[in-house]
Amino acid sequence: MNKIIAMVRKELIDAARDKRSVMAGLYYAIGTPLIMCGLFMVLIGQLTSPDDLKISITNPDKAPDLVRFLSNKGITQGEAGAKDLKAIELIISPDYAKQMNQGKGAEITIVADNSEEKLQNSIRRLEKQLQAYSAEMGSLRLIARGIDPRVVQPLKVNVHDQATTDSKGGMILGIAIFTMIYSVFISGMNLAIDTSAGERERNSLALLLSHPLTTRQLVLSKIIAVGLFALLGLVLILLVSKVAYTFVPWQELGFSVSITSEFMALMLLVGIPVALMAACLQLFVSFMAKTFKEAQSYLTMVLFVPLALSMAASYNIAPDVLQWLPVSGQQQALMDFIKGKDMNMLQLLVSTLGTLAIAVILALGMEKSLKSEKVIFGL
Amino acid sequence: MIKVSHLSKRIGEVQALNDLSFVAENGQITGLLGPNGAGKTTCLRTIFGLLKPDTGTAEIEGIDVAIDPIGAKQQLGLFPDPFGLYERLTPREYIRYFAELSGLSASDAKEATSKVIAKLRLEDISDRRCKGFSQGQRMKTALAQAIVHSPSNIILDEPTRGLDVMSTRLLRDILIDLKNQGHCVLFSSHVMQEVAALCDQVIVMAQGRVVAIGSPEQLCAQTGKASLEDAFIQLIGTDEGIAA
Chain A
0 MNKIIAMVRK ELIDAARDKR SVMAGLYYAI GTPLIMCGLF MVLIGQLTSP DDLKISITNP
60 DKAPDLVRFL SNKGITQGEA GAKDLKAIEL IISPDYAKQM NQGKGAEITI VADNSEEKLQ
120 NSIRRLEKQL QAYSAEMGSL RLIARGIDPR VVQPLKVNVH DQATTDSKGG MILGIAIFTM
180 IYSVFISGMN LAIDTSAGER ERNSLALLLS HPLTTRQLVL SKIIAVGLFA LLGLVLILLV
240 SKVAYTFVPW QELGFSVSIT SEFMALMLLV GIPVALMAAC LQLFVSFMAK TFKEAQSYLT
300 MVLFVPLALS MAASYNIAPD VLQWLPVSGQ QQALMDFIKG KDMNMLQLLV STLGTLAIAV
360 ILALGMEKSL KSEKVIFGL
Chain B
0 MIKVSHLSKR IGEVQALNDL SFVAENGQIT GLLGPNGAGK TTCLRTIFGL LKPDTGTAEI
60 EGIDVAIDPI GAKQQLGLFP DPFGLYERLT PREYIRYFAE LSGLSASDAK EATSKVIAKL
120 RLEDISDRRC KGFSQGQRMK TALAQAIVHS PSNIILDEPT RGLDVMSTRL LRDILIDLKN
180 QGHCVLFSSH VMQEVAALCD QVIVMAQGRV VAIGSPEQLC AQTGKASLED AFIQLIGTDE
240 GIAA
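Each protein sequence line maps, in turn, to chains A and B.
In terms of numbering that gives the first Met the number 0, the first sequence is residues 0 to 378.
In terms of numbering that gives the first Met the number 0, the second sequence is residues 0 to 243.
In case anyone wonders, no lab produced these hints; they're calculated from the structure.
Note that the Cβ used here is the ideal one computed from N, Cα and C, for glycine as well.
Check the hints yourself; a few may be wrong.
Unchecked claim - Once the Cα atoms are required to be at most 25 Å apart in a straight line, the calculated SDA-like pairs of lysine to any residue come out as: (1) A:LYS2 - B:SER151; (2) A:LYS2 - B:PRO81; (3) B:LYS109 - A:ILE3; (4) B:LYS109 - B:ILE124; (5) A:LYS373 - B:PHE82; (6) A:LYS2 - B:ILE69; (7) A:LYS373 - B:ASN35; (8) A:LYS2 - B:CYS129; (9) B:LYS2 - B:GLU24.
Stated by the list, open to error - Short, incomplete list of chain A residues facing chain B, as computed with Cβ under 7 Å: (10) LYS2; (11) ALA5; (12) LYS9; (13) ASP13; (14) ARG16; (15) ASN202; (16) SER203; (17) ALA205; (18) LEU208; (19) HIS210; (20) PRO211; (21) LEU212; (22) GLU372.
Generate the whole structure from the sequences, applying the supplied hints.
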């Protein structure tokens, strides 16, 4: 036990002095929440205040009331040749005023290329406003004739949005949670490589194994050191997220996103087995690699697996079985928690046990491989 | 005491050790002398249990390395080739770390580290990080690591490589000192001078086999040559891989 403590302490001192290991964790833990915040801000800005829609209107003087109505809704006559002018033309018939006065269908024409993907939204927006104007005029005419306009609206559709404010933010938080889980994998990675492939490359692995300690002690202390580093990255990203996410104007979306203390506690608790598995996985792969560089390229490939699992869970594109798997199961539970839903404890338990099982298998594999001459001397 | 009996080890196509047997006694300096590729390092790694012999046993103080590796390694100190320093640790941290790994308690390790630093006159560099150390400074740090826990047996793999005269002298003094305290010192080398100057017993190795065992004088007498170098060449039958 004393030997394990001595080894963990040495690994942590060594890692803390290794700029490469520290920076890798720091950059990710501090940078990612800030980038996410920036993205969310831009996203919210685009969703809530649609730009003015500039179109060409022919004969606007024939329908001053309609033009005023449209401009109230942000659809205006654009200057010819202006950059933001959309290729949509609204032609008001020269007889518009006359037809309107006589209570006939007043003719207007939209000229646009319907096949153009980018224009679809703008065309639909224009159509919708024209419909609204048309309905308003119709109601006015009925009232003028002493008829209740509701007569021509046999259906009254009410929509009750059942989404709670937090569950709307769930999708966005899914991505945020994903970045947090992934921090466990990123933060310890450099240390894992340095303490395994790097240790052998510096010829200290053989020296270490020449001392009276078991390979189990060696493997355990390395896992603990890398796992601690990974958790440190997680704590850091949680703290930065907690502060940074308060700067995003969530209220404009009509819901709130806040990293509560309960969520942070749960995230840490769920993160511990994931950190252990990440440590085992990275150490195992790095011990198998012959050199530092080789370990780096293998790990980049291996880390795609948890990335894919986590992404699949946050985008809901995955089959149900994913909810029982390591990483994606925990991600699902955390997302349920943040949405205010009940967590499926069984799923969380199964995925956590699965995570630990993988960790133990990898640790035993490592213990065995460190008795092999090939692994010790990188033959 | 280190006892090696009938060690054989094949690495790939090469028969690195071939029925190797010898004994290194306590209170003696034993030199393992052989040309490059004779199997010296393989032999030392086998004593530490890092390599498993195909046949044969290695015993330290009567403990078989294959059966009780922890107990056997408890009796050993290793000065390895290459040194395996941690560049980001200071010698004090480095020495203390390995002292604790050798089984010393935290406080004992601290005390032993201070003692060995004073003994090897490492004070001026003991709290600087190892990165950028000269070869001599590295050697001293590695040597301190090997003897900090006062093991009864000390194994050195090519200890004088790349050292200047001052460092070589210091190393010699330390080894003689250890011998006088009754430790068993076993080192491998292909440098004649240091073997002739230091060793009570020389084991001449070639192609994984013991060619001759005896004191430098005995080896000279046995071959009828005046110098150990000539005796050595006579014994292994070639002058390949020898540094004068």
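Hint check results:
1. A:LYS2 - B:SER151: Judged against 25 Å, a Cα distance of about 21 Å means the pair holds.
2. A:LYS2 - B:PRO81: Holds: LYS2 of chain A and PRO81 of chain B sit about 24 Å apart, inside 25 Å.
3. B:LYS109 - A:ILE3: Measuring from Cα to Cα gives roughly 17 Å; hence the hint holds.
4. B:LYS109 - B:ILE124: holds (17 Å)
5. A:LYS373 - B:PHE82: holds (20 Å)
6. A:LYS2 - B:ILE69: Cα-Cα ~13 Å, so holds.
7. A:LYS373 - B:ASN35: Given pair LYS373 of chain A, ASN35 of chain B holds - Cα atoms ~22 Å apart, limit 25 Å.
8. A:LYS2 - B:CYS129: holds (22 Å)
9. B:LYS2 - B:GLU24: holds (8 Å)
10. LYS2: OK, holds: LYS2 of chain A within 7 Å of chain B, min 6 Å.
11. ALA5: holds (4 Å)
12. LYS9: Holds, because the Cβ-Cβ distance from LYS9 of chain A to chain B comes to roughly 5 Å (cut-off 7 Å).
13. ASP13: holds (5 Å)
14. ARG16: Constraint on ARG16 of chain A satisfied, holds at 4 Å.
15. ASN202: Result: holds, 4 Å to nearest chain B Cβ.
16. SER203: It holds, given that the least Cβ distance between SER203 of chain A and chain B is near 4 Å, below 7 Å.
17. ALA205: Check passed: Cβ of ALA205 of chain A comes within 6 Å of chain B, closer than 7 Å.
18. LEU208: It holds, given that the least Cβ distance between LEU208 of chain A and chain B is near 6 Å, below 7 Å.
19. HIS210: It holds, given that the least Cβ distance between HIS210 of chain A and chain B is near 4 Å, below 7 Å.
20. PRO211: Holds, about 4 Å.
21. LEU212: holds (6 Å)
22. GLU372: This interface hint holds because 5 Å falls under the 7 Å limit.
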